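Chain residues, written in single-letter form:
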Amino acid sequence: MKILAMDSSGLVASVAFLEDEKIKGLININYQKTHSQTLLPMLDELLKTLGDSLDDVDYLACANGPGSFTGLRIGVATVKGLGLGLGKKVVEVSTLEALALNWQGVDGVVCPIMDARRSQVYTAAYIFEDQDAVPKEIIAPVNCTIDELFEKLAANGKKVFFTGDGVPVYREYIESNLKVPFVLPSAVNEYQNAANVAVLGKAYAMEGKAVDASLVTPVYLRKPQAEREREALLNAE
Amino acid sequence: MEDVYILAIESSCDETAAAVVKNGREILSNVIYSQIDLHTLYGGVVPEIASRKHIDKINQVVSKAIEDSKMELKDMSAVAVTYGPGLVGPLLVGVSFAKAMAYAAKLPVIGVHHIEGHICANYIANQELEPPFMCLVVSGGHTHLVKVADYGEYEILGRTEDDAAGEAFDKVARAIGLGYPGGPKIDRVSKSGNPEAIKFPRAKVGGSEYDFSFSGLKSAVLNYLNTASMNNEKIVTEDVAASFQQAVIDVLVGHSMEALDRYNFKKFAIAGGVASNSSLRAAFEEACAQKGVEFFLPPPILCTDNAAMIGSAAYYEYKRGTRSGLDLNAVPNLKLGER
Ligand SMILES: Nc1ncnc2c1ncn2[C@@H]1O[C@H](COP(=O)(O)OP(=O)(O)OP(=O)(O)O)[C@@H](O)[C@H]1O
Ligand SMILES: [Mg+2]
Chain V
0 MKILAMDSSG LVASVAFLED EKIKGLININ YQKTHSQTLL PMLDELLKTL GDSLDDVDYL
60 ACANGPGSFT GLRIGVATVK GLGLGLGKKV VEVSTLEALA LNWQGVDGVV CPIMDARRSQ
120 VYTAAYIFED QDAVPKEIIA PVNCTIDELF EKLAANGKKV FFTGDGVPVY REYIESNLKV
180 PFVLPSAVNE YQNAANVAVL GKAYAMEGKA VDASLVTPVY LRKPQAERER EALLNAE
Chain D
0 MEDVYILAIE SSCDETAAAV VKNGREILSN VIYSQIDLHT LYGGVVPEIA SRKHIDKINQ
60 VVSKAIEDSK MELKDMSAVA VTYGPGLVGP LLVGVSFAKA MAYAAKLPVI GVHHIEGHIC
120 ANYIANQELE PPFMCLVVSG GHTHLVKVAD YGEYEILGRT EDDAAGEAFD KVARAIGLGY
180 PGGPKIDRVS KSGNPEAIKF PRAKVGGSEY DFSFSGLKSA VLNYLNTASM NNEKIVTEDV
240 AASFQQAVID VLVGHSMEAL DRYNFKKFAI AGGVASNSSL RAAFEEACAQ KGVEFFLPPP
300 ILCTDNAAMI GSAAYYEYKR GTRSGLDLNA VPNLKLGER
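Chains as they are written, first to last, in numbering that gives the first Met the number 0: chain V, 0 to 236; chain D, 0 to 338.
Because the hints were derived from the structure by calculation, they are not lab data.
Note that this is a predicted model, so its numbers are computed, not measured.
Honestly, I wouldn't trust all of these hints.
Said to hold, decoys possible - Rough simulated footprint, nothing fancy, chain D against chain V, three-plus residues with beta-carbon under 8 angstroms:
id, segment
1, 26–39
2, 63–72
3, 77–87
4, 212–226
Unchecked claim - Under the rule of at most 25 angstroms between Cα atoms (straight-line distance), these lysine to aspartate or glutamate pairs were calculated in the DMTMM-like manner:
id, chain 1, residue 1, chain 2, residue 2
5, D, Lys-146, D, Glu-127
6, D, Lys-184, D, Glu-237
7, D, Lys-73, V, Glu-206
8, V, Lys-47, V, Asp-57
9, D, Lys-105, V, Asp-129
10, D, Lys-73, V, Asp-55
11, V, Lys-87, D, Glu-127
12, D, Lys-73, V, Asp-57
13, V, Lys-222, D, Glu-237
14, V, Lys-47, D, Asp-326
15, D, Lys-318, D, Glu-337
C-beta atoms are modelled at their ideal positions from N, C-alpha and C, and glycine is treated no differently.
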């Protein structure tokens, strides 16, 4: 099985090519250039280097959120365009679940945190019960404050393994406020990585969860500001 | 010569649109999904909401355009997409999608300037129209008097110093309680109003002779409304709308006719959303007839945002050898004539 995977939900633009059991190729760029300029050229570069053709890919996979609204849409629009152009199905993978694979197999709770600005994070929590690729979700993806997250982690009590671009933002806050033992990531397992998306994409494709490209939808976990303000106004009346 | 088929995509504002155009002049399909009802709740286009809607709809719209054309994606010569100007979020959806689809189908991509598209709507509506000619672009974000020297070659002779014509329509409509979108509503109620009821100013501006200004006119309307309501005078919405509309039309027609004299063009065209205004169309028809200048205008459906016009513009770029790279980006403030 060949899977072409991508993640542009955060600072990193990442593309990966999975063939059966191995990650045959991976390109990660964590640099200021906008994803709209980098993602497709990276994908082209990857395929050319591997000598693989897009036509031989079985499934496309894409991190569909949460994340930066614009970054997410660049990735999702790209995969929707590829899907229509190739007539191939797409596997949607949660950005948070893919991030959790940065700590695959650890004994404890894996907690991805993504900076959602306004003192909030996009987060979730997972545990690895066996050698399966797919982690088990114990806190569903949510947009909340870091304190709300800390309460849940404290209630659980287990050691926490953090990952995600929220870590550099909240590092000191975690160090001085979290009541349970924790481990922070290093440069190798802090960010999004399309290899994780590819691995989960394969697992979900085998479960028959691939969908038509037209159905791929970003998961924002947050309404547009104008919509929130309008609702607040309506509720106040 | 081999026929050229362009699959074009437009998502610069609040319309998700796709079309297949043959040889720049013939529409094989033209699909437009308008989000207007959604944005009406907010009194204007909300960029984040528009971006989300584009992502939801783009596959259906593009698939429908291919289906309606009775062709297949692989039969296309190229994929075209609006890459600016417009709202960055909405533009990025179209650009990212178009590049990826074209890459997968091994087709070239052509990035198109949205206003170039508006102008080219005239090539579809008028098969015999060829440059050089002069074109007035009046839309939601632009008011440009353009010299179309050749296909793909533009020179701006005059532009607005402040509000675009469509923007003025939208703002005034809001002020007189007609709501969003303002242009079509003012057009409609003006039909039962007196365009000479209120004397609003016809602005002259400092810059180029052919530049426009509409913010003074907008303020004059607001002042009129304030004064009238303070004096407990009855405000006749129809008259305000018609008088405002007439002031806009007088300035647009006046400048255009002066420029036609000066540059000696024999052909004149209008384009953009405001070009669907019925009184404006009639006024230009008459003014051009008096001058013996040939007048061109697209039907209303090709005046407001659509992808067929992008397909037409792309055809002429295609012939000139324009091809965009995989790194094509959205350029929200792209200038006409720039690449
Ligand atoms: N019948 C009409 N009379 C006057 N104005 C109209 C009419 N129909 C549409 N408009 C105006 O046209 C504008 C929309 O045109 P268009 O779709 O070309 O603009 P846009 O795409 O938002 O802006 P731009 O093309 O400059 O980027 C709106 O301001 C609308 O009020
Ligand atoms: Mg427009």
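Practice task
Against the structure, test the hints numbered earlier, and report the numbers of the ones violated in rising order.
Solution key: Hints 7, 9, 11, 13 not satisfied by this model.
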